[in-house]
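For the protein sequence lines, the chains are G and A, in the order given. Last residue of the first sequence: number 409 in the numbering used here, and the count goes up by one each step with no gaps. Last residue of the second sequence: number 1409 in the numbering used here, and the count goes up by one each step with no gaps.
Treat each hint with caution, since some may be false.
Here are the simulated DSS-like cross-link-like pairs (lysine-lysine), alpha carbons at most 30 angstroms apart as the crow flies [to be verified]:
| # | chain 1 | residue 1 | chain 2 | residue 2 |
| --- | --- | --- | --- | --- |
| 1 | G | 349 | G | 329 |
| 2 | G | 349 | A | 1068 |
| 3 | A | 1284 | A | 1349 |
| 4 | G | 349 | G | 284 |
| 5 | G | 329 | A | 1042 |
| 6 | G | 4 | G | 349 |
| 7 | A | 1349 | A | 1329 |
| 8 | G | 284 | G | 329 |
| 9 | G | 68 | A | 1329 |
| 10 | A | 1349 | G | 68 |
| 11 | A | 1363 | A | 1284 |
| 12 | A | 1004 | A | 1042 |
Not the full set, but computed from the structure, chain G residues with beta-carbon under 7 angstroms of chain A [said to hold, decoys possible]:
| # | residue |
| --- | --- |
| 13 | 122 |
| 14 | 125 |
| 15 | 127 |
| 16 | 317 |
| 17 | 320 |
| 18 | 398 |
Derived from the structure by calculation, the hints contain no laboratory data. A virtual CB, placed ideally from N, CA and C, is assigned to each residue, including glycine.
Protein chains: 2
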Amino acid sequence: MSSKWSPIPGGITVARGFKASGISAGLKSSGKPDLALLVAPKGAVCAGTFTQSLARAACVDLCIERLKVTAGRTRAVLINSGQANACTGDRGLIDSLRATQALADQLGLMPDEMLICSTGVIGVPIPIHNLLASLEHLIDSLNEGGGSDAAKAILTTDLVDKQFAFEANLGGRCVHIGGMAKGSGMIHPNMSTMLGYLTCDVGLPVDAWQSMVTRVVENSFNAVSVDGDSSTNDSLVAFAAGETLAAEYWDDLEEGLMALAQHLAKAIARDGEGANCLLEVVVKGTASAAEAQRIARTIVSSALVKTAVHGCDPNWGRILAAAGRAGVKFMPEDVCLWIGPIQLMEAGKPLRFDAHAASRYIKERMNGAYLNDDCVSICLVIGHGIWEGSAWGCDLSDQYVRINADYTT
Amino acid sequence: MSSKWSPIPGGITVARGFKASGISAGLKSSGKPDLALLVAPKGAVCAGTFTQSLARAACVDLCIERLKVTAGRTRAVLINSGQANACTGDRGLIDSLRATQALADQLGLMPDEMLICSTGVIGVPIPIHNLLASLEHLIDSLNEGGGSDAAKAILTTDLVDKQFAFEANLGGRCVHIGGMAKGSGMIHPNMSTMLGYLTCDVGLPVDAWQSMVTRVVENSFNAVSVDGDSSTNDSLVAFAAGETLAAEYWDDLEEGLMALAQHLAKAIARDGEGANCLLEVVVKGTASAAEAQRIARTIVSSALVKTAVHGCDPNWGRILAAAGRAGVKFMPEDVCLWIGPIQLMEAGKPLRFDAHAASRYIKERMNGAYLNDDCVSICLVIGHGIWEGSAWGCDLSDQYVRINADYTT
Chain G
1 MSSKWSPIPG GITVARGFKA SGISAGLKSS GKPDLALLVA PKGAVCAGTF
51 TQSLARAACV DLCIERLKVT AGRTRAVLIN SGQANACTGD RGLIDSLRAT
101 QALADQLGLM PDEMLICSTG VIGVPIPIHN LLASLEHLID SLNEGGGSDA
151 AKAILTTDLV DKQFAFEANL GGRCVHIGGM AKGSGMIHPN MSTMLGYLTC
201 DVGLPVDAWQ SMVTRVVENS FNAVSVDGDS STNDSLVAFA AGETLAAEYW
251 DDLEEGLMAL AQHLAKAIAR DGEGANCLLE VVVKGTASAA EAQRIARTIV
301 SSALVKTAVH GCDPNWGRIL AAAGRAGVKF MPEDVCLWIG PIQLMEAGKP
351 LRFDAHAASR YIKERMNGAY LNDDCVSICL VIGHGIWEGS AWGCDLSDQY
401 VRINADYTT
Chain A
1001 MSSKWSPIPG GITVARGFKA SGISAGLKSS GKPDLALLVA PKGAVCAGTF
1051 TQSLARAACV DLCIERLKVT AGRTRAVLIN SGQANACTGD RGLIDSLRAT
1101 QALADQLGLM PDEMLICSTG VIGVPIPIHN LLASLEHLID SLNEGGGSDA
1151 AKAILTTDLV DKQFAFEANL GGRCVHIGGM AKGSGMIHPN MSTMLGYLTC
1201 DVGLPVDAWQ SMVTRVVENS FNAVSVDGDS STNDSLVAFA AGETLAAEYW
1251 DDLEEGLMAL AQHLAKAIAR DGEGANCLLE VVVKGTASAA EAQRIARTIV
1301 SSALVKTAVH GCDPNWGRIL AAAGRAGVKF MPEDVCLWIG PIQLMEAGKP
1351 LRFDAHAASR YIKERMNGAY LNDDCVSICL VIGHGIWEGS AWGCDLSDQY
1401 VRINADYTT
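Using the sequences and the hints given, assemble the complete structure.
Structure (structure tokens):
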């Protein structure tokens, strides 16, 4: 990460001009916060990336359609975390339209300037009257320090909230970027949605912003896997609002956004169901970044690699086998492999290594991933190319199976 | 399955002219059978399909290279089940060449008419002297009822051996087809190889045979998933030898081979690590067979679907979410879904269904998959196309995790 950017406390409301709130609206039976609102200042531009699933929720359809027209004037996003509003038939779209219409009316804005994201149980409608009746309180609660309340209200079964912020001096101006996310902590079934929100307090053209956000997501949220099951509702929404940033600083901004998004993505993996450690796979030496990412993602998603990590087993055969089926050509005789500081292969040949030390390296990092900054690091060099790529995941535990099997519909 | 084909006892040696044997050669520390041999009659043609992994074992390279030249005169395949002979550096190829050279010498055949398949631990060389010293006994043991011994000697950690055979009257001739396979019962780590062998006692041109085998594998062995981790050594070898079969009966032969291969593939899924049931997913109504297969394979491989089945949970949201990310376009409003005899969705809308009955349907089939013929059936209709496709897998149990995590290198 560039030394220009420093971490600061807070999340989406560190960026000047943004307000947020989070309240309990009676959507969750637990009574926990379940409705969040993020309002961007006038003149904001908005970018989004959404699930590739064809069984996507109506709210995702609505966001995609609206951003085609209003990305240059989107002002607010409403997030409800009780029900995913996917597979709910016509009612899904009707409820999304009603909620954004009512929100626009009360904010004095246009409905097509509103987005809506939903997460929670699939196939169950939102208790829409509870939601509508809570909008006034939600809007009254908006404030410039409301990011933390919003970060809590978007959670479903995550164990911890996930927000980060950074600042940098770009061309004499102090620029702030903030973000929040919720993960696929599917402790109850059907709750599989990754949601992420980014803000920054400089302006740039909407097309440049969308391109930047797409690249950032590709190397952060799209490089994280808990169990390979993408969701009906995955969404990332990013706002930029403020005095225009000179193009010479766009690379710096993208670097900061990348760090912010990677922090959030790793926090999702750390808080994956049943996870005991964050697993980071770095692949180097490929002919393109995409090739390195593809191999890294295949390794980090392998059930056999994930169970080996869970068992603190430096099982290099599984890592190689996963790399081999990633669909990227390489010469096995070029392969070098490390787990943490311990080298296991050199030029395609297994080395004699201290298996106990390698096992201990993993074991020391298996202590409640969401509580600490450690990670189990696997580094695979597969050739002499100049490119590299990373992916993040977690171990596969019997706890994961129990979490996902023990519920009965 | 065509009524022309009837199941008969036995495996690879039901086809006339084939001999097989299986012995203990001291490759496994357990002393269990670990070396098998299949010898085809003169005039046999051979077809093979092999792992797509780039980290494939040297023996796979050797088979592929030899079949390019000698598919019309391949006579024998040697199978050792102690070590995968993958990631063993130069020694992998040297040992494969030595073993096939010695086998050819003793059989009085040419080395390039020999194939070799290996399965077992990755990264450990074959105890080649034990193997070479056992060849004489292996050849002495060859006999026309040796299929069962071979089927046992190719196993690694499978709980049961897997062999099937069928016969049919095609144009006045009694045709026999037989097969054996071993699965990805990775009860010890690094043992992830699917091996399959098919024989038949009619002749056909080698190109027609390879095409037929490729199509059969695509809809059988390639449609089965235990944990999504394909291996360094996956191989299928199929021999056809005998009086030429008239082309008008090739479709019948292919139908029989398909049934045989699907029986073997399902037996692999039933015996998957930690499996308690066979899971069958049938997708209908697509514009092509490939689309239906792609969706079926995504569903059967989904960790969330597999854990739901393990929990006897008729969790249709997870099935739809998996279908949605398979990369095949469909209209959610066309979707109909059944679990066993119970319909859960109609024209995209969730139905009220008896969740207890659906759960009971699954539970009744969760009683040791490899011991019985039951399966948990999911049927998804996604449109009005005429095509369908199937995939097979198993539930994901905490036992799977323990099996794969508890070993320490």
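- prompt: If you check each hint against the structure, which ones fail?
  reply: Hints 5, 6, 14 and 15 contradicted; others consistent.
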